[in-house]
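Engineer: What follows is the residue order along each chain.
There are 2 protein chains.
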Amino acid sequence: MMYFEDVEVGRRSSFGRYEVTREEVIEFASKYDPQPFHLSDEAAESTYFGRLSASGWHTAAMMMRMLVENLSDIQQAGLGSPGLDELRWLKPVYPGDVLRVESEVIDKTPSRSRPEMGSFRSRATLINQDDVAVMTVLSIGLVRTRPPVS
Amino acid sequence: MMYFEDVEVGRRSSFGRYEVTREEVIEFASKYDPQPFHLSDEAAESTYFGRLSASGWHTAAMMMRMLVENLSDIQQAGLGSPGLDELRWLKPVYPGDVLRVESEVIDKTPSRSRPEMGSFRSRATLINQDDVAVMTVLSIGLVRTRPPVS
Chain A
51 MMYFEDVEVG RRSSFGRYEV TREEVIEFAS KYDPQPFHLS DEAAESTYFG
101 RLSASGWHTA AMMMRMLVEN LSDIQQAGLG SPGLDELRWL KPVYPGDVLR
151 VESEVIDKTP SRSRPEMGSF RSRATLINQD DVAVMTVLSI GLVRTRPPVS
Chain B
51 MMYFEDVEVG RRSSFGRYEV TREEVIEFAS KYDPQPFHLS DEAAESTYFG
101 RLSASGWHTA AMMMRMLVEN LSDIQQAGLG SPGLDELRWL KPVYPGDVLR
151 VESEVIDKTP SRSRPEMGSF RSRATLINQD DVAVMTVLSI GLVRTRPPVS
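Chains as they are written, first to last, in the numbering used here: chain A, 51 to 200; chain B, 51 to 200.
Simulated from the structure, these hints should not be mistaken for lab results.
Keep in mind that a hint or two might mislead.
[Stated by the list, open to error] No farther apart than 16 Å at their CA atoms in a straight line, the calculated lysine to aspartate or glutamate pairs in the EDC-like style are these:
(1) B:Lys-158 - B:Glu-58
(2) A:Lys-158 - A:Glu-74
(3) A:Lys-81 - B:Glu-69
(4) B:Lys-81 - A:Asp-56
(5) B:Lys-158 - B:Glu-55
(6) A:Lys-141 - A:Asp-181
(7) B:Lys-81 - A:Glu-74
(8) A:Lys-81 - B:Glu-58
(9) A:Lys-81 - B:Asp-181
(10) B:Lys-81 - A:Glu-119
(11) B:Lys-81 - A:Glu-77
(12) B:Lys-81 - A:Glu-69
(13) B:Lys-141 - B:Glu-77
(14) A:Lys-158 - A:Glu-73
(15) A:Lys-158 - A:Glu-55
(16) B:Lys-158 - B:Asp-56
(17) A:Lys-141 - A:Glu-77
(18) A:Lys-81 - B:Glu-74
(19) B:Lys-141 - B:Asp-181
(20) A:Lys-81 - B:Glu-136
[Said to hold, decoys possible] To list a few chain A residues with every Cβ distance to chain B over 12 Å, as calculated:
(21) Arg-67
(22) Ser-90
(23) Arg-115
(24) Gly-128
(25) Gly-146
(26) Val-155
(27) Ile-156
(28) Lys-158
(29) Thr-159
(30) Arg-162
(31) Pro-165
(32) Ser-189
Even glycine gets a Cβ: it sits at the ideal position worked out from N, Cα and C.
Make the full structure from the sequences, and use the hints.
Structural biologist: Here's what the structure looks like:
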């Protein structure tokens, strides 16, 4: 089990593989972001995107899927996340793209009021098959401290 | 059409209605955030959440749906979003909750390099049926300036 004491500032990880499909892009956008350029090539043609591209929220959700798969490998004593900062959509994500994640632990802070936990911040970058960064986010995680040996 | 010049700093809006269902919570989490406490009451019982709750990314996606519906009413000359800051998940979102959005324009900035556009920041808060804020986010929007009269 990985506790707060085990979180290493500066540690980098590289993981995940997500194939973006046209069907999934349209399905997500239909439910949660039905702007025309996320629904068809025709509507996207005259926009910045040029052709059908994924909703930014879909892109974030695909990253989350890879983070969860990676965390379940690590067995972290995680307590969830209060949120995130500096989410930036840098480039469009298109059907056919294959995404992966690179992440780095930026800093960690023990809780002042709750000795049983601490927080850490990670910068995660989503990268496509051409090694282009398409999204970056600074996420905050909460994690248990190591229980005292009794 | 609503252009950059029409964006009013301090303007507040209240809109949307989204009923959270158990089926949708499990469907989203299965695809994008398959942590056990987002998949069943049993797995959530011993956690902070107490019972099945929506993925934070699902919560964000539900907010986006309401924002898009509201924007399509306004006919804004929008150019998409480069990202967001200070997303915070404040309280769990449970099946049966009914969500709405309150938003306020915080500031606006003309582009220094591109006179045909500007950006503005809005603070959006997602509120449940008990008037409890469950999520807040500071989003950045890009919008066209009014075309010169020729």
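Engineer: Are all C-beta atoms of chain B more than 12 Å from that of Gly-146 of chain A?
Structural biologist: 19 Å, holds
Engineer: Beyond 12 Å on every Cβ pair: is that true for Ser-90 of chain A relative to chain B?
Structural biologist: 15 Å, holds
Engineer: Would the least Cβ to Cβ distance between Val-155 of chain A and chain B come out above 12 Å?
Structural biologist: The claim holds: Val-155 of chain A sits with its nearest Cβ about 19 Å from chain B, beyond 12 Å.
Engineer: Could you let me know if the closest chain B CB is still more than 12 Å away from the CB of Gly-128 of chain A?
Structural biologist: Nearest chain B Cβ is 9 Å from Gly-128 of chain A, so the label is violated.
Engineer: Are Lys-81 of chain A and Glu-58 of chain B close enough, with their CA atoms no more than 16 Å apart?
Structural biologist: Violated, at about 29 Å.
Engineer: Is the nearest CB of chain B more than 12 Å from the CB of Pro-165 of chain A?
Structural biologist: Holds, because the least Cβ-Cβ distance between Pro-165 of chain A and chain B comes to about 17 Å, which exceeds 12 Å.
Engineer: Next pair to validate is Lys-81 of chain B with Glu-74 of chain A; report whether the Cα-Cα distance is within 16 Å.
Structural biologist: Roughly 11 Å between the alpha carbons, so the hint for Lys-81 of chain B and Glu-74 of chain A holds.
Engineer: Lys-158 of chain A and Glu-74 of chain A were given as a pair; does the straight-line alpha-carbon distance stay at or below 16 Å?
Structural biologist: Not satisfied, since the Cα-Cα distance of roughly 36 Å exceeds 16 Å.
Engineer: Can the restraint linking Lys-158 of chain B and Asp-56 of chain B be considered satisfied, given a maximum Cα separation of 16 Å?
Structural biologist: It holds: about 11 Å lies between the C-alpha atoms, which stays within 16 Å.
Engineer: Within 16 Å, alpha carbon to alpha carbon, are Lys-81 of chain A and Asp-181 of chain B?
Structural biologist: It is violated: about 25 Å lies between the C-alpha atoms, which goes past 16 Å.
Engineer: Straight-line Cα separation of Lys-81 of chain A and Glu-69 of chain B no greater than 16 Å?
Structural biologist: Holds, because 13 Å separates the two Cα atoms, which is no more than 16 Å.
Engineer: Any Cβ of chain B at or closer than 12 Å to Arg-115 of chain A, or is the non-interface label fine?
Structural biologist: Label violated. Min Cβ-Cβ 5 Å, cutoff 12 Å.
Of the numbered hints stated above, those contradicted by the structure are hints 2, 4, 8, 9, 13, 14, 17, 20, 23, 24, 32, listed in ascending order.
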